[in-house]
Amino acid sequence: MQFLTDTNIDFMRLRKPLGIFSTLLVVVALAYVFFIGHLNIGIDFAGGTQIALRFQEQPELDQLRDLLNQAGIESPQIQRYGVESKNEVLIRTATVAGSEEGSSAALLGALDAQFNAGQAAGFDLNREGPESLAALLLRLDPSGLNPIEGADNPYVTVADEIIDLRRDRGLITEWSEVQSLPGVSPEVASAVEQNSRLGSYAILSVENVGPQIGNELREKGVLAVLFSLIGMLIYIALRFELRFGVGAVVAIIHDVAITLGLYALIHYEFNLTTIAAFLTLIGYSVNDTVVVFDRVRENMDKVRKEPLRSVLNQSLNQTLTRTVMTSGTTLVAVATLYVLGGEVLKGFSFILMVGVIVGTYSSVFVASPVVLLWERWVHHRRAGSAG
Amino acid sequence: MSRGLVILAIVVVLGLSAYPPGEKINLGLDLRGGMHLVLQVETQDALKAEADQDMSRLIALLDSEAGVKGARGVLVENEGDGEDAAEDGAGALESSFRITGVSAANAAKVREVHGDFFNNSWDIARQGDDFLFTIKPPVARQIADQTVEQAMRNIRNRIDTYGVAEPVIQRQGFGGNANRIVVQLPGVDDPERVKALIKKTALLEFRLTHLPYDGQGAFPTREMLVETLKAENQGVIPPDIEILEGNALNELGEVAGTNYYAVARRPTVTGRDLKGARVSQNQFNEAVVNFTLTQEKGKDFGDVTGNNVGRGLAIVIDDHVLSAPRINSKISSDGMIEGNFSFEEATDLATALKSGALPASITTLEERTVGPSLGQDSIDQGLRAGMIGGGLVVLIMLVIYLLSGINAIFVLSLNVVFVFGALAAFGATLTLPGIAGIILTIGMAVDANVLIFERIREELRAGRTVKSAISAGFEKALSSILDANITTLIAALFLFNFGTGPIRGFAVTLSVGILASVFTAVFVSRWIFDLWLSRRQRLERLSI
Numbered sequence: 041m042q043f044l045t046d047t048n049i050d051f052m053r054l055r056k057p058l059g060i061f062s063t064l065l066v067v068v069a070l071a072y073v074f075f076i077g078h079l080n081i082g083i084d085f086a087g088g089t090q091i092a093l094r095f096q097e098q099p100e101l102d103q104l105r106d107l108l109n110q111a112g113i114e115s116p117q118i119q120r121y122g123v124e125s126k127n128e129v130l131i132r133t134a135t136v137a138g139s140e141e142g143s144s145a146a147l148l149g150a151l152d153a154q155f156n157a158g159q160a161a162g163f164d165l166n167r168e169g170p171e172s173l174a175a176l177l178l179r180l181d182p183s184g185l186n187p188i189e190g191a192d193n194p195y196v197t198v199a200d201e202i203i204d205l206r207r208d209r210g211l212i213t214e215w216s217e218v219q220s221l222p223g224v225s226p227e228v229a230s231a232v233e234q235n236s237r238l239g240s241y242a243i244l245s246v247e248n249v250g251p252q253i254g255n256e257l258r259e260k261g262v263l264a265v266l267f268s269l270i271g272m273l274i275y276i277a278l279r280f281e282l283r284f285g286v287g288a289v290v291a292i293i294h295d296v297a298i299t300l301g302l303y304a305l306i307h308y309e310f311n312l313t314t315i316a317a318f319l320t321l322i323g324y325s326v327n328d329t330v331v332v333f334d335r336v337r338e339n340m341d342k343v344r345k346e347p348l349r350s351v352l353n354q355s356l357n358q359t360l361t362r363t364v365m366t367s368g369t370t371l372v373a374v375a376t377l378y379v380l381g382g383e384v385l386k387g388f389s390f391i392l393m394v395g396v397i398v399g400t401y402s403s404v405f406v407a408s409p410v411v412l413l414w415e416r417w418v419h420h421r422r423a424g425s426a427g
Numbered sequence: 146m147s148r149g150l151v152i153l154a155i156v157v158v159l160g161l162s163a164y165p166p167g168e169k170i171n172l173g174l175d176l177r178g179g180m181h182l183v184l185q186v187e188t189q190d191a192l193k194a195e196a197d198q199d200m201s202r203l204i205a206l207l208d209s210e211a212g213v214k215g216a217r218g219v220l221v222e223n224e225g226d227g228e229d230a231a232e233d234g235a236g237a238l239e240s241s242f243r244i245t246g247v248s249a250a251n252a253a254k255v256r257e258v259h260g261d262f263f264n265n266s267w268d269i270a271r272q273g274d275d276f277l278f279t280i281k282p283p284v285a286r287q288i289a290d291q292t293v294e295q296a297m298r299n300i301r302n303r304i305d306t307y308g309v310a311e312p313v314i315q316r317q318g319f320g321g322n323a324n325r326i327v328v329q330l331p332g333v334d335d336p337e338r339v340k341a342l343i344k345k346t347a348l349l350e351f352r353l354t355h356l357p358y359d360g361q362g363a364f365p366t367r368e369m370l371v372e373t374l375k376a377e378n379q380g381v382i383p384p385d386i387e388i389l390e391g392n393a394l395n396e397l398g399e400v401a402g403t404n405y406y407a408v409a410r411r412p413t414v415t416g417r418d419l420k421g422a423r424v425s426q427n428q429f430n431e432a433v434v435n436f437t438l439t440q441e442k443g444k445d446f447g448d449v450t451g452n453n454v455g456r457g458l459a460i461v462i463d464d465h466v467l468s469a470p471r472i473n474s475k476i477s478s479d480g481m482i483e484g485n486f487s488f489e490e491a492t493d494l495a496t497a498l499k500s501g502a503l504p505a506s507i508t509t510l511e512e513r514t515v516g517p518s519l520g521q522d523s524i525d526q527g528l529r530a531g532m533i534g535g536g537l538v539v540l541i542m543l544v545i546y547l548l549s550g551i552n553a554i555f556v557l558s559l560n561v562v563f564v565f566g567a568l569a570a571f572g573a574t575l576t577l578p579g580i581a582g583i584i585l586t587i588g589m590a591v592d593a594n595v596l597i598f599e600r601i602r603e604e605l606r607a608g609r610t611v612k613s614a615i616s617a618g619f620e621k622a623l624s625s626i627l628d629a630n631i632t633t634l635i636a637a638l639f640l641f642n643f644g645t646g647p648i649r650g651f652a653v654t655l656s657v658g659i660l661a662s663v664f665t666a667v668f669v670s671r672w673i674f675d676l677w678l679s680r681r682q683r684l685e686r687l688s689i
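Heads up: the protein sequence lines correspond to chains V and F, in order.
The numbering of the first sequence is the numbering used here, which starts it at 41 and goes up by one.
The numbering of the second sequence is the numbering used here, which starts it at 146 and goes up by one.
In case anyone wonders, no lab produced these hints; they're calculated from the structure.
Note that the Cβ used here is the ideal one computed from N, Cα and C, for glycine as well.
Misleading hints may appear alongside valid ones.
[Stated by the list, open to error] The list that follows gives simulated cross-link-like pairs (lysine to any residue, SDA-like), each with its CA atoms no further than 25 Å apart:
(1) V:386 with F:291
(2) F:621 with V:279
(3) V:126 with F:621
(4) F:621 with V:120
(5) V:386 with F:521
(6) F:344 with V:146
(7) V:386 with F:539
(8) V:386 with V:52
(9) F:420 with V:188
(10) F:621 with V:353
(11) F:344 with V:255
(12) F:281 with F:291
(13) V:260 with F:318
(14) F:621 with V:344
(15) V:342 with F:621
(16) V:386 with F:634
[To be verified] Which residues of chain V face chain F? A partial, calculated answer using Cβ under 8 Å:
(17) 171
(18) 242
(19) 244
(20) 249
(21) 252
(22) 271
(23) 313
(24) 376
(25) 385
(26) 414
[Claimed, not checked] Simulated DEER-style distance windows between Cβ atoms:
(27) F:286 with V:137: 27 to 37 Å
(28) F:149 with V:188: 51 to 61 Å
(29) F:487 with V:185: 15 to 25 Å
(30) F:627 with V:118: 47 to 57 Å
(31) V:60 with F:631: 32 to 42 Å
(32) F:410 with V:214: 47 to 57 Å
(33) F:540 with V:339: 29 to 39 Å
(34) V:81 with F:153: 28 to 38 Å
(35) F:571 with V:101: 43 to 53 Å
(36) V:121 with F:317: 30 to 40 Å
(37) F:672 with V:214: 57 to 67 Å
(38) F:525 with V:214: 22 to 32 Å
(39) V:53 with F:627: 31 to 41 Å
Could you put together the complete structure from these sequences and hints?
Take a look at the structure:
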């Protein structure tokens with residue numbers, strides 16, 4: 041199946057209206073990010089603590105908030121996340137002044153006091169790992185195996201099995217779940233039941249970033265993006281000419297600004313992976329733009345005297361099929377990731393998705409017009425100063 | 146044909162090195178579950194201890210060597226403490242103390258003693274009537290360095306006994322920041338406990354008690370203790386006595402409040418004198434820690450306890466009195482520490498005692514723990530997205546490019562094998578963003594092929610024969626492919642440089658994916674076309 045062959049669209053004619061449109065979009069996006077709305081800066085850069093929990097029963101968010109306030113944790117951000125049925129909650133607190141350590145201990149302490157209140161302290165089957173469980177079973181020796189000191193722990197396999205169950209479910213809610221495991225004998229099950237407890241929540245993940253590291257990551261992030269932009273500019277200026285480098289960089293800035301604006305609008309968290317996604321976006325956008333420029337260079341070599349405008353048009357038309365194809369396949373891949381890839385990668389894949397669309401648009405409607413503009417401006421100045 | 150063999154060889158080698166993927170591919174912590182910590186060793190503690198020690202030594206030497214009495218020493222607090230240190234991170238590697246109370250006549254003797262004993266490590270300066278001793282920078286750096294190394298060994302010991310598989314413990318940072326340690330513990334389920342274990346300074350001391358004399362009395366407030374102490378000592382607190390906070394135990398032996406103890410400043414036994422420590426049970430079936438002293442110290446300890454029957458011996462850990470049992474008879478080398486411990490607490494204490502006290506306190510700068518269920522979810526979702534995404538891309542290629550699309554599919558599968566093979570072969574780590582990177586390269590991998598195919602189509606339309614169209618297509622597309630992919634590689638390079646852990650994983654899979662796709666597009670695609678061509682001598686049409 042062939043399509044889009046021998047097209048002859050005059051892309052350059054649209055450059056003024058589209059140029060205004062694009063500039064407006066960029067301005068609006070940047071204004072939104074920096075003045076109207078704001079980026080949801082994650083703990084990687086702002087510092088702080090973030091804990092994801094899975095509860096046995098759906099907790100009331102307000103109740104949680106009060107509980108944490110009482111424990112001395114100010115303005116925690118609490119939200120539900122993930123699948124509704126799994127009772128998952130995300131809690132985020134800011135950095136504590138004068139401390140690198142963050143609030144995770146205080147937070148968990150407060151939660152324990154409330155949600156595990158009826159339980160005496162002791163082995164929490166929903167918290168501990170297989171090694172600790174195996175050690176516990178070794179001490180209790182419910183199967184009467186009488187192991188010699190120094191020999192391998194015979195309870196390791198059954199401990200692994202029980203903890204694997206918890207890992208699959210996230211949380212063990214009933215003792216019957218343990219009893220019904222194939223490798224677990226009734227003595228072991230009853231020993232476990234009598235000597236441990238089922239905490240009412242499990243910790244999915246804990247992240248704490250102290251202010252020192254937060255500062256460093258901020259710096260590193262900005263530098264990474266800055267340097268990669270400069271790196272691109274240099275490479276393209278060397279391989280092609282300065283005017284193409286300028287076109288590419290303007291296209292990149294355009295893409296990043298608009299994507300950033302949309303990202304802020306949807307309020308996804310801005311973290312390390314976000315910066316990674318933007319760097320990838322830059323890479324992809326340049327990739328796209330370079331293919332067009334490569335064709336321009338080839339066409340310019342073929343026919344020296346052709347005016348730049350028509351060479352640009354011609355090259356754009358010639359590469360149109362490829363542009364649409366590649367963007368199409370990449371978009372399909374990334375969209376699948378966005379839909380199916382899970383909560384953790386949502387923000388990341390969103391940026392890539394938007395980036396592919398905007399990047400394609402900019403390769404066709406931004407990069408080349410800018411090259412033309414630059415050329416005319418430089419030419420104008422040279423003509424002006426010469427004459 | 147030979148080209149085909151080379152390609153086949155590469156495929157087989159990479160394919161085998163990645164098979165079975167479950168075992169051969171290194172999974173990152175975000176997929177496997179586990180804990181990532183960035184610790185900072187507060188080297189300032191060690192420098193302060195050094196200053197304290199040398200200060201006491203100097204005063205003692207002034208007395209014994211030069212007959213100068215009445216000198217007093219004061220540690221100088223750095224401005225680098227507190228907030229500045231947190232921002233600066235480099236932490237002022239400074240340490241100084243001031244000597245006062247020396248008459249002008251004895252000033253020269255202070256300089257003499259300094260010159261004889263302290264010139265290697267300390268600079269001396271006169272400040273009015275006082276002397277300021279500042280540690281020399283190279284010495285400070287050396288002490289800081291040793292402290293970090295020792296802390297690292299210590300932490301490694303503790304983690305070893307904890308039984309984590311494949312822990313990673315590395316020093317990080319350079320220059321002023323070389324006091325960081327990165328710890329990665331896969332599969333850890335209880336982050337709080339591990340953190341506590343790592344940070345336990347575990348400074349153990351046994352100190353004879355003054356009040357309560359047999360260790361059994363109650364002084365629930367500090368004021369009460371101070372009053373009684375002063376009353377017994379002409380209204381002052383004797384200089385060789387220190388007041389510590391501790392546990393008050395009820396009749397059942399459970400912790401029921403705080404108690405204050407006046408103990409000797411100098412310890413009878415410290416953690417350094419321990420030969421071993423292990424968990425055991427006492428007669429009430431409570432968890433306790435049994436310890437053994439070194440032979441040399443055991444003798445000393447026997448003498449001290451023998452001379453102090455009836456007195457209390459405070460068991461102090463990190464300046465907190467666990468208990469102060471009465472010495473009933475001479476104790477030689479074995480003993481027991483009871484403290485109403487849970488089994489886990491006793492185990493952790495024994496571990497910390499065995500590995501020795503940390504030379505400096507440890508701050509956690511960064512912590513990331515992913516529970517195993519989250520990790521498993523991520524793997525499942527990532528794989529599913531990858532397969533469905535890949536399937537869709539394949540479908541598109543078939544529809545648009547027909548039979549030549551099969552070529553692209555073959556090439557795509559090859560790319561995936563290459564990426565996994567390279568990951569396994571180089572021992573690189575696969576992270577969640579890394580999986581995203583693989584999916585991204587699947588989407589972009591077709592790019593090189595599309596460039597070539599479109600070029601071939603163009604050449605065909607321009608009227609070339611099939612054979613020369615294929616040739617020209619590959620040739621002309623090459624520069625586009627190279628330029629485009631190099632720029633993406635530049636981005637990946639900065640990503641690798643900037644990122645840590647998960648993002649590095651992404652940069653790696655992205656880079657490998659790009660290299661693989663260029664390789665397969667340029668060589669493998671070509672080879673397939675050539676193979677196909679060689680079978681048909683005269684070709685009129687190409688299914689493309």
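**Hinted pair residue 621 of chain F and residue 120 of chain V, Cα distance within 25 Å** = At roughly 53 Å apart (the allowed maximum being 25 Å), residue 120 of chain V and residue 621 of chain F break the hint.
**Asked** Do the alpha carbons of residue 420 of chain F and residue 188 of chain V lie within 25 Å of each other, as the hint requires?
**Response** Between residue 420 of chain F and residue 188 of chain V the Cα gap is close to 24 Å, so the pair holds against 25 Å.
**Request:** Given the hint that residue 126 of chain V pairs with residue 621 of chain F, test it: the Cα-Cα distance must not exceed 25 Å.
**Result:** Cα-Cα ~54 Å, so violated.
**Message:** Next pair to validate is residue 260 of chain V with residue 318 of chain F; report whether the Cα-Cα distance is within 25 Å.
**Reply:** At roughly 14 Å apart (the allowed maximum being 25 Å), residue 318 of chain F and residue 260 of chain V satisfy the hint.
**Item:** Cut-off 8 Å, beta-carbon criterion: hint that residue 171 of chain V touches chain F
**Value:** Check passed: Cβ of residue 171 of chain V comes within 5 Å of chain F, closer than 8 Å.
**Message:** Tell me if the straight-line CA distance from residue 386 of chain V to residue 291 of chain F falls inside 25 Å.
**Reply:** violated (45 Å)
**Request:** For the range 43 to 53 Å, tell me whether the beta carbons of residue 571 of chain F and residue 101 of chain V fit it or not.
**Result:** holds (45 Å)
**Prompt:** Does the hinted range 22 to 32 Å hold for residue 525 of chain F and residue 214 of chain V at CB?
**Reply:** Hint holds: Cβ distance 24 Å, inside 22 to 32 Å.
**Message:** Let's test the interface hint: is any C-beta of chain F closer than 8 Å to that of residue 271 of chain V?
**Reply:** Residue 271 of chain V check passes; min Cβ-Cβ to chain F is 5 Å, inside 8 Å.
**Message:** With the threshold set at 25 Å, check whether the alpha-carbon distance from residue 621 of chain F to residue 344 of chain V stays at or below it.
**Reply:** holds (19 Å)
**Request:** Report holds or violated for the interface hint on residue 313 of chain V, using the least CB-CB distance to chain F and a cut-off of 8 Å.
**Result:** holds (6 Å)
**Item:** Pairwise beta carbon distance, residue 53 of chain V to residue 627 of chain F, judged against the given window 31 to 41 Å
**Value:** With a Cβ separation near 32 Å, residue 53 of chain V and residue 627 of chain F satisfy 31 to 41 Å, so the hint holds.
Violation of the numbered hints given earlier is confined to hints 1, 3, 4, 8, 26 and 34; the remaining hints are satisfied by the structure.
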